[in-house]
Each structure stands twice: as C-alpha cells, then as structure tokens.
Amino acid sequence: MNIDLETSLDQLARSVHDDAVAERMTGQVHQMVAQIRRRRAARYTATGLVSMGTVAAVAVAGVQLAGRDATPGPVATQPDAPAVAWPQCGDAAPEVPAVTADTPAGPYVEGSAGPEVVAGGPVPVTLRFVNDGAGAVSLDAATRTPFAVVADGLVVATAGLSGYYTDVIEPGGNRETSGAIDLVACGGDTPLDPGDYQMFAAVTLMLADGPRDLVAGPWPFTITEAPASATDPFPACGSAVPSGDDPVLAIDLALGERFYASGDLVETVATVRTTNGRTVIGNAPIAGALIVLTRGGVVVGRGDPGTGDVDILDLAADQTVEVAATGLLSLCGIPQTDAAQDGLPAGTYQAYAVMQVMLQEVTEARGEATSVTELVAVRSNPVDITIGVP
Amino acid sequence: MAAWEQSLQELVRTRGTALVGYAYLLCGDRREAEDLVQDALVKTYARGRVGTHPDNVEGYVRRAILSTFLDGFRRRKRWAAVRHLVTTDDAAPGHEAAVEARMDVRAALDALSPRERACVVLRFYDDLTVARIADQLSLSEGAVKRYLSDGVHRMEALLGPVVASRARRDADDDADGDIDVLMTTGRKSR
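As they're listed, the protein sequences go chains A and B. Numbering-wise, the first sequence is residues 7 to 396 according to the working numbering. Numbering-wise, the second sequence is residues 4 to 193 according to the working numbering.
It is worth saying that the hints were derived from the structure and are not from the lab. The beta carbon of each residue, even a glycine, is placed where N, CA and C say it ideally should be. Honestly, I wouldn't trust all of these hints.
What the hints assert, rightly or not - Which residues of chain B face chain A? A partial, calculated answer using Cβ under 10 Å:
no., residue
1, 27
2, 45
3, 123
Stated by the list, open to error - Taking CB as the label site, the calculated pair distances span:
no., chain 1, residue 1, chain 2, residue 2, range
4, B, 141, A, 269, 49 to 55 Å
5, B, 56, A, 23, 54 to 60 Å
6, B, 13, A, 214, 32 to 38 Å
7, B, 117, A, 23, 47 to 53 Å
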C-alpha cells in the first residue's frame, strides 16, 4: 500500500478538530491574556534599566566632549560591575515597574525560589531566560548572578550564584537553569530566621548591541524551622545513609579489589541511570560524583567535593551516562570514631558514589510528569573498600 | 479591552483548532499541541510588534509553535514517556482503513528526530519550499534536504512507499530538483 503523505498529514492534523479543543482553547484566553501582560511588564523592567544605562552613557560622553579625556571610554557594562545598582543589606527591595501595554519586545527572565526550605538549608532557585526579541541573546557566564532576599520591603540577605553555561538563545527560544544558594542573614553569619521572604535576581544577558541587565522577581519562598534533631544531610560527615527511600536516580559503582592507604585519591567512572522506568531532567555537577566512606551506615570518610559548574542531566528510562567518581580517603572529624589522628583506621568500609543533582522534572513510567525543584543526593550501591596493608 | 486582546480572542476562535492541528503534527500529542499553541500565542502577543489582524498574526504564531517545539526538549521527553500509552483516541467510526493509515503515519512521525519531523511537516503539510524551511529553521538548504531525505526514508521503512501529489512532484522538479526525499518510485539520486 502506498501512503499519500500530504493527504495523510492533512487528515492527521484535522483529526484533532473537535468542539472540545475549541472550547478548551477559548477557555484559556483569559489565562493567556494574564501571561502576556506579565511578560510585557517584565520587558518594561528591562527597558527601564537600559534607559538608566543610556543616561549614564550620555553622561560619560558629555565628560569626554568637555575635553577631560579624549580617548573614547567603554560605555558597555563591565562583566564584574553590573550597571544595575543592586541593593545591599538594609536597602529597599528592587523596584518592579508597573505593567504597560506598549513595551517593546526583548529578552526577559522568569524564575522561582524555594518554595519551602528548612532554616540553614540551601534555597533552590530556577531562572528561565526567554528571548522574545528579534536578535540572538547569549548568557553571560562570566558574571556571577546576584540575588537579594527581601522581607517587609527591605533586603535582609544577599547571595550570588555562578555556574550558568554559556549559550546562545535564538529568537523565540529559552533556556532554564537552576541551582541552590546558601543564605546568610545580613550583619552576621547566621542563617535567615524562619518566615516568608521574596527573592530577586539581576541577570546580565549579552545582546548584539551589548550587555543588558535585567531584574527578575519577586519569587516568594518560606523558611521553616529546622527539626530539633536534624543533622547535616547525607553525605555530610556523620550523616546516615538514607534507607527506605525511592530515589529517582541511581549510580552504579564498581571498584577493583585492591587495598588502599588512608589519604589515597580514588578516581574511577560510575554510571548514572534512572530508577523504575522514570525519565529525569536536572542539573548535575560537571565534576561528577564524590566517593564517601561509611561504616555502620554513617559517613566517616570523605574529601572536599569542591564547587564547580553544572550541566544538564537528561536521562530517559533506557539511558545511562558515565560520570567521573572521585574521592579522597580521608577521615571525617567525628568525635565518636576511634581513628588515628591523621588518617582512617585500617579496616573495611562501604564506599558510595554520591552526586548532588538539582531535579527539574521527573516523569514516572506510567507517563505522569512532575516539575520539581529539589536538591537530592543521588547515591550508588555500597562497595566494600579496604584500608590498610594487605 | 485592548486591541491585541480582541485579536487574540478572534484568532483563537477562528483558527485555534487549525493551529492545534499543526502543532499536533509536530509533537504528536493533543494536549501537548494545545500547550504549544498557548505558549506560541503568549510569546507572539507578548512581543507587541506583530499587529492585531488575525491573518497577519497567524504566521508569527506558527513560527513560534515551530521554535517552541524544537526548543522544548522537556516537552518531548514527556511525550516520549507516554506515547506508548496512546492508542486510537483519534479514531472515528466507519473509516477503519483511513484511521489505520493515519495511525501508521503518526507512528512513523514519532520515529523521526524533532528536526526531521519539522522538515517533513513543513514540506508536506505546510507546503513550504526547501529554501523557506531552511529560513524558518535557521538551517542551510543542504541540511534541510538531508533531514527531509532521512526523514522520508525512515517513514518509508515503516510505511512502505510514500507518494506525494503530482503538483508537489512538479514543484520539486522545478524548484528542488536535487532533493532525494520524495518517493521510493522514481527516487532521484543525490
């Protein structure tokens, strides 16, 4: 049988035509109108900031014309000196202009924070860069994105986040990235108190005519009381290996049968996969997984995982990805252990490869997709590792 | 009510289902297609530069549907996870043969990569030339021809010989004589 492709495609497209579709689409108009108004308002924010930059540029040009400096100076934003006057502790919240209907097209930023975190814990944030302009936009990876946390209209904490990948967003496209930021209250080194807060961010996008700084927010989030018995989460030193959970990702780790000395650096490759037929999308560290040592289900040895960039992890049920797994066989500072001062005592430990992944979307095997913003410690199967002389 | 709001309402009322059909060819899922159209409408009207006449705006919306589809890897992942659950929700009684062929074509479309699929839809449904497809997708014409060739060959492997209309063959002869994409019968060499 020959298939008439044109006719078949036409019939296929028409197969969705029914009253229910028309009714649903019509019913969404009100919601679409609200979204369009918000986006126009976001672009108005960007336009206002660019106007501020223009005023500054005119001022610089005026000084130059007055003969104080004959050499043309840069008027573009420096990567390490944002044009936006970002508020500091105690300042008022960044101002978000009112909605207008005549805002010109351009890039804008959407995002979210939290929505609920335990006091002292990192706050998940997600930024979505949308290019509704006519030209390509690139993300400025060199700039650390500043965040401001606001309560009762005043900035009560500031923080920064780096690790965005450099990427070009074509007109009509968008990119999303996420991470977690540690918040410290202004004027001290204590975590923010439990309560309701708002998060703002300033993002620099590179356009054909130069950088553009955008203010995004506010994104509400709540800090809750930490449980009295809470300890640092796995894989922190002294934390317990979770049990009875249903992790959406797993790591397969294999280590050769050999003896290690305390202080050795272990470097291998581990395989990341999803569990139970899921499809998972998130951000994972480019550095890969950290190998930690446990005894009796408690982390007793690990090195410093360091910090680094993240990349998108996008795994379907039948897919795997290999990541580096490294670990320094050094002792945790746990008072309960009877370790020698400078190293792990000889013996057998259970090693786990652990990787912190910021989940974005999880699709169950039966097809139910859930958008999430959650930092999880993906771990491997335990592997026995022996420290000491053979 | 602002003029753009009236335009949006009018476009959704008169062309909403047609746009959903177009999006459906690209993504393969009804609800996903409706989401694509809504996203595209929001993007288009949020720009504020496309005028308000629905006839003029529709072209922008179609382009936004295309770019959103190609950019939306998460949506495709979601679809990939559930497409095996989709059976015959489009079936209408009394046209078994046509419905079967439609389902086959849909399954064959699912086997294509997003860009192959977009090229096939733009070529054989939207009736665009290779040059216009290349412009829409920001690809070279050579890349479009390759996607079309690979896509049609892949569909033929599942469907058997694929034929196009006489008019289309004529147009290909005139405009894109070196395309190796159309038919098993009478296929041209590269």
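Do the hints match the structure? See the list:
1. The criterion of a C-beta within 10 Å of any C-beta in chain A is met by residue 27 of chain B, whose closest approach is roughly 5 Å, and the hint holds.
2. A least Cβ separation of about 5 Å between residue 45 of chain B and chain A falls short of the 10 Å threshold, and the interface hint therefore holds.
3. Residue-level restraint check for residue 123 of chain B holds (minimum Cβ-Cβ distance to chain A is 8 Å; threshold 10 Å).
4. In this structure the hint that residue 141 of chain B and residue 269 of chain A lie 49 to 55 Å apart at CB holds, the actual value being about 53 Å.
5. Taken as a hint, the range 54 to 60 Å is violated for the pair residue 56 of chain B and residue 23 of chain A, whose Cβ atoms sit roughly 23 Å apart.
6. Between residue 13 of chain B and residue 214 of chain A the CB atoms are about 34 Å apart, so this pair conforms to the stated range of 32 to 38 Å.
7. Distance hint check for residue 117 of chain B and residue 23 of chain A: the Cβ-Cβ separation is about 24 Å, which falls outside the suggested range of 47 to 53 Å.
Of the hints listed earlier, those the structure fails to meet are numbers 5 and 7, in rising order.
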